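FYI, UniProt numbering numbers position 232 of the sequence shown as 232, with every residue one higher than the one before it.
Worth flagging that the hints you see were computed from the coordinates, not collected in a lab.
Owing to the predicted nature of the structure, the values given are computational and were not obtained by experimental measurement.
Cβ coordinates follow ideal geometry from the N, Cα and C atoms, glycine included.
Across the chosen pairs, the derived CB separations fall in these ranges:
| id | residue 1 | residue 2 | range |
| --- | --- | --- | --- |
| 1 | ASN124 | GLY46 | 37 to 43 angstroms |
| 2 | GLY85 | GLU263 | 27 to 33 angstroms |
| 3 | ILE54 | THR285 | 18 to 24 angstroms |
| 4 | ASN284 | THR159 | 27 to 33 angstroms |
| 5 | PHE344 | ASP99 | 22 to 28 angstroms |
| 6 | GLY46 | SER107 | 41 to 47 angstroms |
| 7 | LEU167 | GLU121 | 24 to 30 angstroms |
| 8 | GLY85 | SER180 | 32 to 38 angstroms |
| 9 | ALA249 | SER107 | 38 to 44 angstroms |
| 10 | GLN218 | LEU101 | 37 to 43 angstroms |
| 11 | TYR59 | ASN284 | 28 to 34 angstroms |
| 12 | ARG309 | LEU150 | 37 to 43 angstroms |
| 13 | HIS345 | THR250 | 35 to 41 angstroms |
| 14 | SER180 | LEU45 | 34 to 40 angstroms |
Within a straight-line C-alpha distance of at most 27 angstroms, the following computed DSS-like cross-link-like pairs (lysine-lysine) qualify:
| id | residue 1 | residue 2 |
| --- | --- | --- |
| 15 | LYS315 | LYS276 |
| 16 | LYS51 | LYS276 |
| 17 | LYS241 | LYS315 |
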Amino acid sequence: MKKRSHACLLATTMASVFLLMVVLYGTISSQHPESSHFKHDYQLLGRPLFKLDISWPKYPELFGGNVYGVAVNHYAEVVYVAQRGDTVPKVLVFTTTGDFLMSWNTSTLEMPHGIFVADPESSNPTVWITDVGNGPYGHCIKQYSPSGNLLQVLGTPGTSGTRLNPLQFDQPAEVFVHSSGEIYIVDGDGGANNRLIKLSKDLEVLWVHGERGPGLAQLYIPHSVMVDSYQRVWVADRGNKRIQVFNAATGDWLATWGSCFTEDAPYSVRLTPDRKYMVVAQLNTNQVSLLEAPPVGAVGQCRVVSVIRLADDVKPHLVDVDQKTGSLYVAEIGAGQVQKYVPFHQGGGSFY
1 MKKRSHACLL ATTMASVFLL MVVLYGTISS QHPESSHFKH DYQLLGRPLF
51 KLDISWPKYP ELFGGNVYGV AVNHYAEVVY VAQRGDTVPK VLVFTTTGDF
101 LMSWNTSTLE MPHGIFVADP ESSNPTVWIT DVGNGPYGHC IKQYSPSGNL
151 LQVLGTPGTS GTRLNPLQFD QPAEVFVHSS GEIYIVDGDG GANNRLIKLS
201 KDLEVLWVHG ERGPGLAQLY IPHSVMVDSY QRVWVADRGN KRIQVFNAAT
251 GDWLATWGSC FTEDAPYSVR LTPDRKYMVV AQLNTNQVSL LEAPPVGAVG
301 QCRVVSVIRL ADDVKPHLVD VDQKTGSLYV AEIGAGQVQK YVPFHQGGGS
351 FY
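Between the sequences and the hints, there should be enough to build the whole structure, so can you do that?
What follows is the structure in structure tokens.
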């Protein structure tokens with residue numbers, strides 16, 4: 001009888017401990033970022049070109065605001081993330097393997113939008129950020145050191161621009177700095193300006209497209225810009241639901257892609273390092289589309305090759321591509337994170 005009492009007591013105690021462990025585990029699991037705030041669901045449509053790297057970054061809980069932009073220094077293997085929020089650092093810096101390096105606790109940034117790493121393979125790379133804030137530091141394009149020291153400001157801080165002065169911006173969306181030092185700017189993330197501007201490395205205005213409208217070379221909310229190796233300028237003309245292409249040297253209009261964007265506008269435009277695919281984020285349909293990039297010569301018609309369909313309300317905004325590995329980084333406003341996708345054929349080597 002005594003042995004049976006001890007056995008019953010032991011069984012009851014073990015059951016209580018097990019129940020306590022289940023409760024504790026459930027509480028901890030419900031607090032884990034991946035099970036609540038962060039979203040990793042996605043679906044591949046068409047040709048499978050990229051797969052999600054769920055291990056990047058190693059500490060996703062460091063994201064604390066609305067994530068708007070991402071930029072990669074492929075030479076230094078560093079990723080810069082631009083986010084907004086009253087109590088969060090505006091820039092987080094990670095390695096391409098997911099380690100956290102630093103944050104920029106700078107007061108010179110209000111509402112970062114686009115972010116770009118210039119001259120990454122030099123000994124003196126810089127980080128350019130467009131600021132669409134309405135406060136004393138807004139409506140500007142800012143150049144920083146890799147550690148977050150402000151080096152230069154383009155525009156008039158705190159003053160929204162007019163169409164009369166090319167260097168007075170109104171919610172500038174993105175900047176692209178060519179290896180030549182020439183600067184391409186899309187100015188008009190909802191502001192009065194709807195412009196594509198090319199500056200020399202000495203900040204001389206070389207040419208401007210600044211007429212709002214749906215016609216050829218007209219723009220409405222130009223949102224992203226890049227230059228390919230064939231000296232063509234690609235602009236995500238968001239308000240017109242199209243991509244427009246220009247000659248980088250002269251500014252002449254070359255082509256328009258619109259048939260791929262009947263459901264949602266292109267928010268970003270980037271090129272994979274093999275120059276085969278154009279990477280376009282579409283915020284409202286929660287997807288990243290891979291378009292067939294044309295070789296030198298005629299631009300032709302747009303054709304979607306592959307689609308990464310993200311979970312609802314992820315809201316992919318701007319993207320960047322690692323020019324060494326081909327990895328794709330997606331800044332997501334709704335999910336408040338950056339996700340990394342690696343090429344399917346990447347086995348620890350290069351994209352090629």
